[in-house]
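**Student:** The residues making up each chain are set out below.
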Amino acid sequence: MNTTYWVAGGFIYRRIDSIVHRFDARVKLLLTSELVALSLLSFTITELAIALGSTLTIAALAGILKRMGRTLLFSAGFSATIFIIDILVGYTIIEAIVYSMRFIAIVGSTSIFFLTTSPDELEQVMRWFKLPRDLIFAYVTAVRFVPVLMLDALQIMDAQKSRGLEVEKGNIFKRIKNFSPVLIPLVVNAVVRSGELAEAMEVRAYGAVKKPTMLYNFVMKNSDKIVAILSAVLMIPTLYYFLFLV
Amino acid sequence: MIEFYDVSFRHQNGIMALREINLKIETNTLTAIVGENGAGKTTLVRHINGLLKPSQGKVLVFGEDTKKQSVARLSRKVGIVFQNPDHQLFSDTVENEILFGLRNFGIEEKHDRLEWALEFFDLSRYRNVSPMLLSGGEKKRLCFACVLAWDPDILILDEPTVGQDHKHKEKIVLMINNLLQKGKTVIIVSHDLEFLWPQQPRTLVMSQGKIIADGNIAEALSNDSVIKQANLVRPQLLALAIALTLKPPRNVAEAAKVLAR
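Line order of the protein sequences matches chains A and B. Residue numbering for the first sequence follows the working numbering, beginning at 191 and increasing consecutively. Residue numbering for the second sequence follows the working numbering, beginning at 920 and increasing consecutively.
No lab work stands behind these hints: they were computed from the structure. Treat the hints with care, as some may be off.
[Claimed, not checked] Facing chain A, from chain B, some residues (calculated, C-beta under 10 Å): (1) 1008; (2) 1020; (3) 1022; (4) 1025; (5) 1051; (6) 1062; (7) 1065; (8) 1165; (9) 1168.
Each residue gets a CB set at the ideal place from its N, CA and C atoms; glycine is no exception.
Between the sequences and the hints, there should be enough to build the whole structure, so can you do that?
**Tutor:** Laid out in structure tokens, this is it:
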């Protein structure tokens, strides 16, 4: 479970003071979208290496390289599966490498956004896109609940181990069955907690007015504008190259 | 016997939770661990059944190093009743919940142990009810029953009085006394000093991962700087005794006798 916690930590936002964390959330979303587009349009190992290199450079500037490493290590398992399936269905080794590398590059670039954007900023971005309020609330709450559920899972695991449960014992089917004493309380707690949260929101007048006021609103700084323009300036010829010249 | 030798523990996030703990807890004793939130109380007791292994130093339980033992093997001897019942209840019935530990530890006399636990903790009428449908206090009692059913040599109670009414607090006292009579070792982690006071346990006061006082509850809680550092409020009878410079009475009846003189 500690390994799971270690891997899961790679998907969770932590407040750090870095140049990338200070960017406006919309700029971070733009950078991520550009990197995802770059990964999707790349069809050679060199192009994908450039896309992945750009992602890792931004991650290094954001101080999240180690945590992104965990995410990439986790996705390497899926990437290997993609590689094997591609080979089995008749793709060449180079093509299989490209597809599995592309998966890693997409995971890396989306991680930049989620590892550097707080749930509050995420909410603001979604509001900026004028998404329905209930949908925003449900999504942001789900994101906020991830660390809480992880902590719950660890505590439940400890409690059941103390009652003689050995999850690592037996074959794969036995091991899956061994998890039921952990999963049942975890799901029940999550359902109970969501019910309590709904009541707590209702008593604080959630949904009472159609347009609630907000404490924070987006303010794009000059540095944000410069980064957005620079990245767009770099991206336009890149897109032109991929769409019309390759 | 539980022994801690120079035990320090650092969490994965880098926070030092225990600092150079040296401690011996003799068999067949009652020990209370008190202190403010985050003092390291729960971290300390989790070392006894091997859920946590020390970053430095070693913990011996009945002479065996916990680093070399599995949690399941240690738990046969060391039962922990955790603070939050919702973190452990999962079975379809109360009966199956109690049987879970008995099956895991391969205990033969399951039926007798089950009946004893149901009876002692007032749970017989709920034996076929889902644990999820019990009240908070009943869930807590079920957790006691689950652990005591396999009869561990050492029992650790993490905040046992939370959500319990007076009648069931008395039941916990009765349970502790029974266990002590049977030669067991009981460790209580609690903020409820009023509950602990009449039991007169050996008391360890913790603050910032260290044991800052260790002794009889009256001695441990008499020092003003300890009380201040650990953010504690003295039990009323002790506070009264200190104010009147009397020998601390164990209960109200003793206090009344002293004051009547």
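**Student:** Hints broken by the structure, by number, lowest first?
**Tutor:** 8, 9
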